[in-house]
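Asks: Take these sequences, add in the hints, and give me the full structure.
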Amino acid sequence: GEDVEQSLFLSVREGDSSVINCTYTDSSSTYLYWYKQEPGAGLQLLTYIFSNMDMKQDQRLTVLLNKKDKHLSLRIADTQTGDSAIYFCAETPALFSGGYNKLIFGAGTRLAVHP
Amino acid sequence: ETGVTQTPRHLVMGMTNKKSLKCEQHLGHNAMYWYKQSAKKPLELMFVYNFKEQTENNSVPSRFSPECPNSSHLFLHLHTLQPEDSALYLCASSQGTSGEEQFFGPGTRLTVL
Chain A
1 GEDVEQSLFL
11 SVREGDSSVI
21 NCTYTDSSST
31 YLYWYKQEPG
41 AGLQLLTYIF
51 SNMDMKQDQR
61 LTVLLNKKDK
71 HLSLRIADTQ
81 TGDSAIYFCA
91 ETPALFSGGY
101 NKLIFGAGTR
111 LAVHP
Chain B
1001 ETGVTQTPRH
1011 LVMGMTNKKS
1021 LKCEQHLGHN
1031 AMYWYKQSAK
1041 KPLELMFVYN
1051 FKEQTENNSV
1061 PSRFSPECPN
1071 SSHLFLHLHT
1081 LQPEDSALYL
1091 CASSQGTSGE
1101 EQFFGPGTRL
1111 TVL
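If you read the sequences in order, they're chains A and B. Note that my numbering numbers the first sequence so that position 103 is 103, with each residue one more than the last. Note that my numbering numbers the second sequence so that position 79 is 1079, with each residue one more than the last.
Keep in mind the hints are simulated off the structure, nothing from the lab. In this text, a Cβ means the ideal position worked out from N, Cα and C, and glycines have one as well. Be careful, since some hints might not be right.
[Claimed, not checked] Straight line, CA to CA, 20 Å or less: simulated EDC-like cross-link-like pairs of lysine to aspartate or glutamate: (1) Lys1040(B) <-> Glu38(A); (2) Lys1036(B) <-> Glu38(A); (3) Lys36(A) <-> Asp16(A); (4) Lys56(A) <-> Asp69(A); (5) Lys1040(B) <-> Asp3(A); (6) Lys1040(B) <-> Glu1084(B); (7) Lys1036(B) <-> Asp3(A); (8) Lys1018(B) <-> Glu1053(B); (9) Lys1041(B) <-> Asp26(A).
[Said to hold, decoys possible] Pairwise CB distance ranges (calculated): (10) Pro39(A) <-> Thr1005(B): 28 to 38 Å; (11) Leu1027(B) <-> Gly40(A): 14 to 24 Å; (12) Gln59(A) <-> Thr1005(B): 26 to 36 Å.
Replies: This is the structure we're talking about:
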């Protein structure tokens, strides 16, 4: 079956790095995503990585993918108070004929940044 | 702004009421989705429409009834809901075949009394 798991809460000090972890079960995943949800808002795509990549960097964000262990992580460098939000890991199963992008989400990790 | 709007943003209803949630996307996408977000649980995919045709109903109770009159609009009709249906209902859209991104609306916070 398809399952995505994340820890529910992470607290970091402003200026430190944050690392949010995710594990998934579907070894045939094609894309893996990180979405951010701020209070009162919907989900916003932060970054994604294709399954044949090990790492992707985008400014303060670094995504690491360990396909053997089915482990995905999001590192936020120099974490700021504005980074406080819920971060969702999601994966797309192997391509199928439905014609739409099926996403399997984790429960989300609430990141709290304190001074 | 993601290009996906939802109304109302907040809704309180009794168990005998009938109400509808509305979603509109201005992105020219072909696929639209309804998700349910409950606290500390993964997002639950409820329905998928692709080119106005329902392609997935994820075992959703019949008290939730979706409608997609065109590729830009998606409704979720609600009737005789239960208190456990209280949640944030999110609408999303995607191009359909790129496999890269779904764009989400801000959600409707539903409370069933």
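Asks: Compare the structure with each hint and give your call.
Replies: Comparing the hints with the structure gives:
Pair hint lysine 1040(B) plus glutamate 38(A) holds up; C-alpha atoms about 15 Å apart against a cutoff of 20 Å. With a C-alpha separation of about 17 Å, the suggested pair lysine 1036(B) and glutamate 38(A) falls inside the 20 Å cut-off, and the hint holds. For the given pair, lysine 36(A) sits about 19 Å from aspartate 16(A) by alpha-carbon distance, which is consistent with the 20 Å threshold. Restraint check for lysine 56(A) and aspartate 69(A): satisfied, since their Cα atoms lie roughly 17 Å apart, inside the 20 Å limit.
Among the hinted pairs, lysine 1040(B) with aspartate 3(A) is consistent with the structure: their alpha-carbon atoms are about 15 Å apart, no more than 20 Å. Annotation: proposed proximity of lysine 1040(B) to glutamate 1084(B) holds, straight-line Cα distance about 14 Å (limit 20 Å). Between lysine 1036(B) and aspartate 3(A) the CA atoms are separated by roughly 17 Å; this keeps the pair inside 20 Å, and the hint holds. For the hint pairing lysine 1018(B) with glutamate 1053(B), the CA-to-CA distance comes to about 24 Å; that exceeds 20 Å, so the pair is violated.
For the given pair, lysine 1041(B) sits about 19 Å from aspartate 26(A) by alpha-carbon distance, which is consistent with the 20 Å threshold. At roughly 18 Å, the beta carbons of proline 39(A) and threonine 1005(B) sit outside the given window of 28 to 38 Å. Between leucine 1027(B) and glycine 40(A) the CB atoms are about 21 Å apart, so this pair conforms to the stated range of 14 to 24 Å. Between glutamine 59(A) and threonine 1005(B) the Cβ separation comes to about 28 Å, which falls inside the hinted range of 26 to 36 Å.
Hints 8, 10 from the list above are not met by this structure, while the remaining hints are.
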